[in-house]
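Trainee: Single-letter residue listing:
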Amino acid sequence: MSIAQTFAKAKAENRSVLVGCMPAGFPTVEHSIEQMIAMHEAGCDVIEVELPYSDPVMDGPVIQKASDIALANGVRTRDTLKIIEAVASAGATVVLMTYWNPVEKYGVDAFARDLAAAGATGMITPDLIPDEAAEWIAASDAHRIDRTFLVAPSSTDERIAMTLENCRGFVYATALMGVTGARKAVSSQAPELVARIRSIDPEMPVGVGLGVGNGRQAAEVAAFSDGVIVGSALIRSVLEAPDRATGLRDLRALSAELAEGVRDR
Amino acid sequence: MSAETLPDLAGHFGRFGGRFVPEALIKALDELEAAYRSAKRDPEFQARFQDLLLNYAAVPSLLYRATRLSEALGAEILLKREDLNHTGAHKVRNVLGQALLAKRMGKPRVIAETGAGQHGVASATAAALLDLECVVYMGETDTQRQALNVARMRMLGATVIPVTNGSRTLKDALNEALRDWVSTVDTTHYLLGTAAGPHPFPELVRDFVGGIGVEARAQCLEQLGRLPDAVAACVGGGSNAIGIFHAFVPDESVRLYGFEAGGDGMETGRHAASITGGSVGVLHGNRTYLLQDDDGQTIESHSISAGLDYPGVGPEHAWLHDTGRAVYEPVTDAEAMAAFQLLCRTEGIIPAIESSHALAGAAKIAPRLREELGRTPTIVVNLSGRGDKDVHTAGAYFGLLDQVETVVPGENT
Ligand SMILES: Cc1ncc(COP(=O)(O)O)c(C=O)c1O
Chain A
1 MSIAQTFAKA KAENRSVLVG CMPAGFPTVE HSIEQMIAMH EAGCDVIEVE LPYSDPVMDG
61 PVIQKASDIA LANGVRTRDT LKIIEAVASA GATVVLMTYW NPVEKYGVDA FARDLAAAGA
121 TGMITPDLIP DEAAEWIAAS DAHRIDRTFL VAPSSTDERI AMTLENCRGF VYATALMGVT
181 GARKAVSSQA PELVARIRSI DPEMPVGVGL GVGNGRQAAE VAAFSDGVIV GSALIRSVLE
241 APDRATGLRD LRALSAELAE GVRDR
Chain B
266 MSAETLPDLA GHFGRFGGRF VPEALIKALD ELEAAYRSAK RDPEFQARFQ DLLLNYAAVP
326 SLLYRATRLS EALGAEILLK REDLNHTGAH KVRNVLGQAL LAKRMGKPRV IAETGAGQHG
386 VASATAAALL DLECVVYMGE TDTQRQALNV ARMRMLGATV IPVTNGSRTL KDALNEALRD
446 WVSTVDTTHY LLGTAAGPHP FPELVRDFVG GIGVEARAQC LEQLGRLPDA VAACVGGGSN
506 AIGIFHAFVP DESVRLYGFE AGGDGMETGR HAASITGGSV GVLHGNRTYL LQDDDGQTIE
566 SHSISAGLDY PGVGPEHAWL HDTGRAVYEP VTDAEAMAAF QLLCRTEGII PAIESSHALA
626 GAAKIAPRLR EELGRTPTIV VNLSGRGDKD VHTAGAYFGL LDQVETVVPG ENT
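Order-wise, the sequence lines are chains A and B. Residue numbering for the first sequence follows our numbering, starting at 1 and increasing by one per position. Residue numbering for the second sequence follows our numbering, starting at 266 and increasing by one per position.
Calculated from the structure, these hints are not laboratory results. Please read all numbers here as calculations on a predicted model, not as lab measurements. Any given hint might turn out to be false.
[To be verified] Within a straight-line C-alpha distance of at most 30 Å, the following computed DSSO-like cross-link-like pairs (lysine-lysine) qualify:
#1 K65(A) x K105(A)
#2 K368(B) x K292(B)
#3 K292(B) x K65(A)
#4 K305(B) x K368(B)
#5 K292(B) x K105(A)
#6 K82(A) x K65(A)
[Said to hold, decoys possible] Chain B residues, not near chain A, derived (Cβ > 12 Å throughout):
#7 T270
#8 Q315
#9 Y329
#10 R330
#11 R333
#12 L492
#13 E517
#14 S518
#15 G530
#16 H567
#17 A599
#18 I614
#19 A661
The beta carbon of each residue, even a glycine, is placed where N, CA and C say it ideally should be.
Looking at chain B on its own, in the form it has when it is part of the complex (with noise of 0.2 Å):
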């Protein structure tokens, strides 16, 4: 089997992937799947999206050389800003692509999941910009620690629903986004927000963001005339990660690496790395590595970044692992936090948080790599996204933030 054909026919990458859903949602995505396939042929589709991207959301992003961080980090890194797309971050490319599909399929509505609102704010835009009705599902707690982007969303014109089952977070978000498809159909598209859930998603939303490993492997040959050592992304439900692994998949040369939220710590169980943590079973309408107690029962993720707080991953990252064409492996919380105050300090960019798993990772490698090859090696980092939306939780990370509470009214006068 080779990746540039995958998935096969039924959606399936080797034993993973697939359909895992209600009958009830079996037509609609077979609809999904016939009008994908026809827009990805139709040039006239492409071209929209194409202009989407080129003059809306500002893509191809740069790929820039981080010179300071490469001292510090003894590796030539260079950085794909995903994080100066409008929005701020990858998610934008999925986002416009799924909103122009939803138009072309005749559907006024989308629905989306949400966990610290990044896909829902990227969603209510794409709604806002193509005359979309659009409705966000997000768990009762995200929607309280991220009452700003719950703001941003309604700002969109977008209607927020706070989730209040199970867990009230993201999975908990994407079951009700899936209940609220089933009995909508025929007027709704669900705009997923990862390349994970039931086939066609994981394919269409990769196709979507491939951009990125496309833009990032055409620049690699350009400015510095051959293909990098190693690629490295975070993983979440894996779409930035895919994004620009899967353009580099058949250059056996280069590496692929993805880093997983590995939170408090593997050995304390408190983590969201469903790969090097999980095992094999079935979430959200596919066969995929997942966190799961011994009867099966999904176990919540811990990171300190909401956006790889998810207890699963795509399927085609399940597949990649299984096969060796990329390595997993876990960043904690510390560590991530750690890289992100390096780039801040180094090069002046403030990074998403999930983004510095993947800045955290570049430096945990860059020492094998370096011993591996004999040399500095050359590293693309995906710098998925902006770190705006963090400000509060790395303020309070590192100490930043004055107790304004404590100030006594009037005192400072």
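Only chain A is shown next, with the shape it has when bound in the complex (with noise of 0.2 Å):
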């Protein structure tokens, strides 16, 4: 599916889409790809899977720290593209959130090229905005992937509008000033932020992140966004279990909980 439809199939059941993460080859490639296609049978509408980067500024210390051992076991930006296509071949809708230097280095339009080529319908760029990104516009226009931008709390009006224009598939909104990583109580600032960007651009579907950690916490945000992400508390599961089977257990259950609390909103 599309992010397009994932979104509208969503919106006529009355609930919000359910964005689950989870870095590639972590802790090694088939690991990380029995965690994605767990995630995707427990719930997940969407499966975000994110290239493991040395310096992800924008990323909390489970995220790092999941990332740290992927790329210690060696993953591979090559790796990524092959766990893209076995979760997108086993139905799960797929975007990469991905740090702008891999892809540059990779090449903008050949990154564009196979990451179409391997099922992915969207990426997320968390340290490219709009104003630097013209060889990417035009690398995702030419190969039809969806483009993610973000906006914060702190953007203008102005910036969120300009933003907009360039998304498309849907906007992520981080919910609270601050980097990824599971919180205790839902940011207030996440239903102004979302109200903002619905008064500059009702079509364009929200996503909200950082900070979800359980079903409850799915539920409010649910409650005023089209889209709920959930990354640390995911990965946490499987990085705190005691062995593999229990963390793929846990990971299932949460991923689960989480659905439900995306349609009980």
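Need the complex rebuilt from these two chains, each delivered in its own frame; the hints are there to steer you.
Mentor: Put into structure tokens, the structure is as follows:
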């Protein structure tokens, strides 16, 4: 399913989309594929594959730790593309989240081409703002990859409007000022930001990320957003498990709980 | 394009620079840029900055004719004595400028990243002077290697936070400072330590340290009645080098040389030479040259000098390299340490190991320039800092430390 179809279907069902994030190659290539398919089966509508990067400034300690493990185990950009292919052919809607330098190093147009060939439908760029994205916009148009840029509570209305004009698929609203990582309470800045986005473009689906850790918080965020993005909490269930079977079981259980949450708004 | 008008409005030096950061930081960078533009035009701000430089930091620094070193190198060597500044390096200029800017923006807290601790100490100094809260991020590996500087920062009232992510060195401290800033921008100024990072930092830091070159140029005209043939500086992130280069860029007869840390030697892959041994990419908010693998993952740098041990470089240097206006070359640990010793023995000046790279570079270019010009060349070397902080490293390198721990207690009494 395309991103647009995924959001349209959820809207018809009067619920939010659940986006589950997992670094590629964490802890190994095979295991990360298994985890992503488990997340898909347990109710994640979109699998957000994160390309592990040495200097992930937007990410908190959990995602960085998982990325470091993946890199230490030798994951390469081409492995990430293989992982996407495996997860997409299992029927999941896949988007990639990546810092910009690995894309630039690969070659921007070649990357968009190979990403599309692997079956990803979109790409989230946490450290690329539209102002610097001319080459990416051209490549993603040429290869039909949806573009998700970020907006933040500190973004001016002008910047939100400019960013929305350059997004396709959905926009990523960072719910609070900070990096990724599960938090105890959902920020009050989030609903205000979503309202500002909607007043500028009522059509663009809004995914809200940063801080959701359980079904109750997913329901809270689902109440005012089109998509709930969860990363650190899912990764932690694998990271902190005593063994692999427990990790996979906890990952499925949390995915299912979150999937219920996005339907309970 | 001319160097005096760069960067452009979006912070680009040709294809370099710009802003590659999360959207959450854009407002803070815009605010910083606006505050800087207005401060630049404000005579009161400029007067306060100049007053602090003059009466607190002991700037302008001397331009010293190093006669015995000149003899040894076969060139007329003039040393820009930034080592005599308060806190012992050029960095005091940048921290005073930025701390004043933080005050002006009404931000009570500053954060900084540091490798060896030099920028951390300078930041803690400026924060103490201007009554700002100061938090310094430092890789855990570095806090252990540089325990004295950690103590210095604490004496000055700063909080030092050891960073345990990634390689636990400078680049990870920088990542952590950026993360802090994303969640504290309302109250916090990020006091970045070099002329790199997202726009407007490369421009702003260049301007705050730009006095080095303005002074050196005027001092040359006064002392020699002419400009030098070459200016040499070491390049880590690039602040002391851009600080001394900038005023000379329009003087086409003056050759500009930046010396990067060649570590164990370029052929070993263990170095910190981003321009001469790296490739173009994006790191820490700007497009520049950096050390990276085939996948665009940052490669850890290596240098005996902690202040040069960084896998990136400021975007203006990348641009000066591409245009050919400045020439960048690597200097190995061994070459730098030989120059370190030479300056100690000929001039009675113990230089920072960073600055020793510039001295070693001057030694390399002296015979070339002599041949090219057919006379003794005049070279201004930016002596960016003093070597007190490096006594342990250099002492160990040259085998000058008594093996205190092998002395059996009581045996000497
Ligand atoms: C004395 C001295 N020189 C040079 C440097 C390198 O930094 P930059 O390239 O920004 O001047 C440092 C950094 O710590 C330093 O302490």
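Trainee: Just double-check S518(B) for me: nearest Cβ-Cβ distance to chain A has to come out over 12 Å.
Mentor: Answer for S518(B): holds, closest chain A Cβ roughly 37 Å.
Trainee: Please settle this one: R333(B) was flagged as non-interface, so is its CB more than 12 Å from every CB on chain A?
Mentor: About 45 Å separates R333(B) from the closest Cβ of chain A, which puts it past 12 Å; holds.
Trainee: Quick one, are K368(B) and K292(B) close enough, alpha carbons at most 30 Å?
Mentor: holds, 18 Å
Trainee: Beyond 12 Å from every chain A Cβ: check whether that's true for R330(B).
Mentor: Non-interface label on R330(B) holds, nearest chain A Cβ at 44 Å vs cutoff 12 Å.
Trainee: Please verify that the nearest CB of chain A lies beyond 12 Å from Q315(B)'s CB.
Mentor: holds, 33 Å
Trainee: For E517(B), is the shortest CB-to-CB distance to chain A above 12 Å, so the non-interface label stands?
Mentor: holds, 32 Å
Trainee: Given the hinted pair K65(A) and K105(A), is their Cα-Cα distance within 30 Å?
Mentor: holds, 23 Å
Trainee: Is the Cβ of I614(B) farther than 12 Å from every Cβ of chain A?
Mentor: Correct as stated: the minimum Cβ-Cβ distance to chain A is 37 Å, above 12 Å.
Trainee: Taking only the CA atoms, is the gap from K305(B) to K368(B) under or equal to 30 Å?
Mentor: holds, 14 Å
Trainee: Does K105(A) sit within 30 Å of K292(B), going by the straight-line distance between their CA atoms?
Mentor: holds, 28 Å
Trainee: Say whether it holds or is violated: A661(B) keeps its Cβ farther than 12 Å from all Cβ of chain A.
Mentor: At roughly 30 Å from the nearest Cβ of chain A, A661(B) sits farther out than 12 Å, so the non-interface label holds.
Trainee: Beyond 12 Å on every Cβ pair: is that true for T270(B) relative to chain A?
Mentor: Label holds. Min Cβ-Cβ 20 Å, cutoff 12 Å.
When held up to the earlier numbered hints, the structure conflicts with none and fits them all.
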